[in-house]
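Kindly generate the complete structure, drawing on both the sequences and the hints.
Protein chains in written order, with the UniProt record's numbering: chain A, 1 to 143; chain B, 1 to 143; chain C, 1 to 143; chain D, 1 to 143.
Source of the hints: derived by calculation from the structure; they are not laboratory data.
Relax, there's no trap hidden among the hints.
The list treats identical chains as interchangeable, and a pair is accepted whether it falls inside one copy or across any two copies.
30 Å max Cα-Cα, derived DSSO-like pairs, lysine-lysine:
no., residue 1, residue 2
1, Lys124, Lys96
2, Lys124, Lys112
3, Lys112, Lys10
4, Lys4, Lys24
5, Lys128, Lys24
6, Lys14, Lys128
7, Lys128, Lys96
8, Lys124, Lys10
9, Lys24, Lys10
10, Lys128, Lys112
11, Lys96, Lys112
12, Lys24, Lys14
13, Lys14, Lys124
There are 4 protein chains.
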Amino acid sequence: MTSKYLSPIKQVFKAYQTSSNFMKIAGNCRVISADEGRVKVEFEVTESVTNPMNTLHGGATATLVDIVTTTALMATERGEPGVSVDLTVSYLAPAKLNSTVVFDASVLRMGKTLAYTKCDLFSKEDNKLLATGLHTKAFPTRK
Amino acid sequence: MTSKYLSPIKQVFKAYQTSSNFMKIAGNCRVISADEGRVKVEFEVTESVTNPMNTLHGGATATLVDIVTTTALMATERGEPGVSVDLTVSYLAPAKLNSTVVFDASVLRMGKTLAYTKCDLFSKEDNKLLATGLHTKAFPTRK
Amino acid sequence: MTSKYLSPIKQVFKAYQTSSNFMKIAGNCRVISADEGRVKVEFEVTESVTNPMNTLHGGATATLVDIVTTTALMATERGEPGVSVDLTVSYLAPAKLNSTVVFDASVLRMGKTLAYTKCDLFSKEDNKLLATGLHTKAFPTRK
Amino acid sequence: MTSKYLSPIKQVFKAYQTSSNFMKIAGNCRVISADEGRVKVEFEVTESVTNPMNTLHGGATATLVDIVTTTALMATERGEPGVSVDLTVSYLAPAKLNSTVVFDASVLRMGKTLAYTKCDLFSKEDNKLLATGLHTKAFPTRK
Numbered sequence: 001m002t003s004k005y006l007s008p009i010k011q012v013f014k015a016y017q018t019s020s021n022f023m024k025i026a027g028n029c030r031v032i033s034a035d036e037g038r039v040k041v042e043f044e045v046t047e048s049v050t051n052p053m054n055t056l057h058g059g060a061t062a063t064l065v066d067i068v069t070t071t072a073l074m075a076t077e078r079g080e081p082g083v084s085v086d087l088t089v090s091y092l093a094p095a096k097l098n099s100t101v102v103f104d105a106s107v108l109r110m111g112k113t114l115a116y117t118k119c120d121l122f123s124k125e126d127n128k129l130l131a132t133g134l135h136t137k138a139f140p141t142r143k
Numbered sequence: 001m002t003s004k005y006l007s008p009i010k011q012v013f014k015a016y017q018t019s020s021n022f023m024k025i026a027g028n029c030r031v032i033s034a035d036e037g038r039v040k041v042e043f044e045v046t047e048s049v050t051n052p053m054n055t056l057h058g059g060a061t062a063t064l065v066d067i068v069t070t071t072a073l074m075a076t077e078r079g080e081p082g083v084s085v086d087l088t089v090s091y092l093a094p095a096k097l098n099s100t101v102v103f104d105a106s107v108l109r110m111g112k113t114l115a116y117t118k119c120d121l122f123s124k125e126d127n128k129l130l131a132t133g134l135h136t137k138a139f140p141t142r143k
Numbered sequence: 001m002t003s004k005y006l007s008p009i010k011q012v013f014k015a016y017q018t019s020s021n022f023m024k025i026a027g028n029c030r031v032i033s034a035d036e037g038r039v040k041v042e043f044e045v046t047e048s049v050t051n052p053m054n055t056l057h058g059g060a061t062a063t064l065v066d067i068v069t070t071t072a073l074m075a076t077e078r079g080e081p082g083v084s085v086d087l088t089v090s091y092l093a094p095a096k097l098n099s100t101v102v103f104d105a106s107v108l109r110m111g112k113t114l115a116y117t118k119c120d121l122f123s124k125e126d127n128k129l130l131a132t133g134l135h136t137k138a139f140p141t142r143k
Numbered sequence: 001m002t003s004k005y006l007s008p009i010k011q012v013f014k015a016y017q018t019s020s021n022f023m024k025i026a027g028n029c030r031v032i033s034a035d036e037g038r039v040k041v042e043f044e045v046t047e048s049v050t051n052p053m054n055t056l057h058g059g060a061t062a063t064l065v066d067i068v069t070t071t072a073l074m075a076t077e078r079g080e081p082g083v084s085v086d087l088t089v090s091y092l093a094p095a096k097l098n099s100t101v102v103f104d105a106s107v108l109r110m111g112k113t114l115a116y117t118k119c120d121l122f123s124k125e126d127n128k129l130l131a132t133g134l135h136t137k138a139f140p141t142r143k
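This is the structure in structure tokens:
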């Protein structure tokens, strides 16, 4: 059965394609699944996101961890993106140019003012873990 | 007296301007100073690096922390960029569209196989601390 | 079938009981399982490891994440504990006095000079995720 | 001139000496200074806080970073300890048994529901940076 979140999350990533801001980097993501508090996407490592060693730039990895965990927060009843508090990424292995990587993001805990999320990054070819990140977000109270 | 690192580090950032990879984001950085293990740059928050709230995207912040700490590593006798091990960024306050932010990056410790760096991000206008990051890098032994 | 690591890892935790150093805190851990690169233990939250709010102190959580991930490194062919590079812990929910918590630690990647590990901390009673940590370790080359 | 916080912060550390919980580890801290949002203490590395390599245990380092940053939060008008959100420690160099280490903790930003703090750990003998940590805390709204 298809999750009710699949279609709206696909729309979110489609909108990134024509974005004029930094979200544009996620325009190349293909949504694999979107369930309650969990979003998986595939991403091609093109030259534009690499470092001089021809692997996915650590900043691009961090950016995609940030964006995909944020869409996982949007795939909840609350549906709010929140603002970043802390982001930690551990880099286990390089993601090669032209390879496909899978970002698997989950909401670990949704509180009233804080949400904790994580994201694992795998090589699609051999399922090898490339990086893992923790992203804590806040929901500032509106005045 | 001008540091011997100022001119080479300026060249590094100039090369980012015409880069076809992810380093391009740092092409807009203006080098303020480059001393032994320490690099300071200024950066304009243009629309291309913002999030939907019109502030500097957390992924762009992380990317610039990564790049500026790496150039601080290049401003040493060793002069090697290394590879990322872990990156942590804490987001204290938003950096507004069209504002100028200062990235102040330092090498905290240079070891044989590991280097520890940090970067503070300030608002140029009022010197307010916007974010702080820690970036650990490794120097894999060549075979 | 019992893992070949179960008995040696049980010995390691037994030795902590009579330790005169900081490892003593882990003397109360009961080993649930010890497989290749993965160790699970149970731990009672006694008064000696609490904070003034009568929940597990964040420093005690960090200490146990450190120790249990290190024993997961010892449950490998290499069998070396390594030295700490970076430790990050996210605190999702408090662990109450007199409750039992489960530490589930795994080696994510074992490299030549670096190892990446993680640890999740659950409430035994209801399986709720209480904290999650990442611990990066180095194996300095011997001279 | 003596800060108005010096005497109360000294009382806080004195109370740790007779504590029956995990704060006891900080009972050995000698307060050097306590100003608005900043606390410095000295600490002797005794056997009880070491690892099997006879250096300060990474978990003890994390615990003291947690406690000293929390007292820095108490050295503010607000005066509340808050609860831990995220803690990150980078370990630059070992602190030897019987050496004296200085913990220098500061509040980086105090918000309505979140506070960001950091702590640097130095060797007293030669002022060498041994570790650095970031500790984010929350102030849950009272019902």
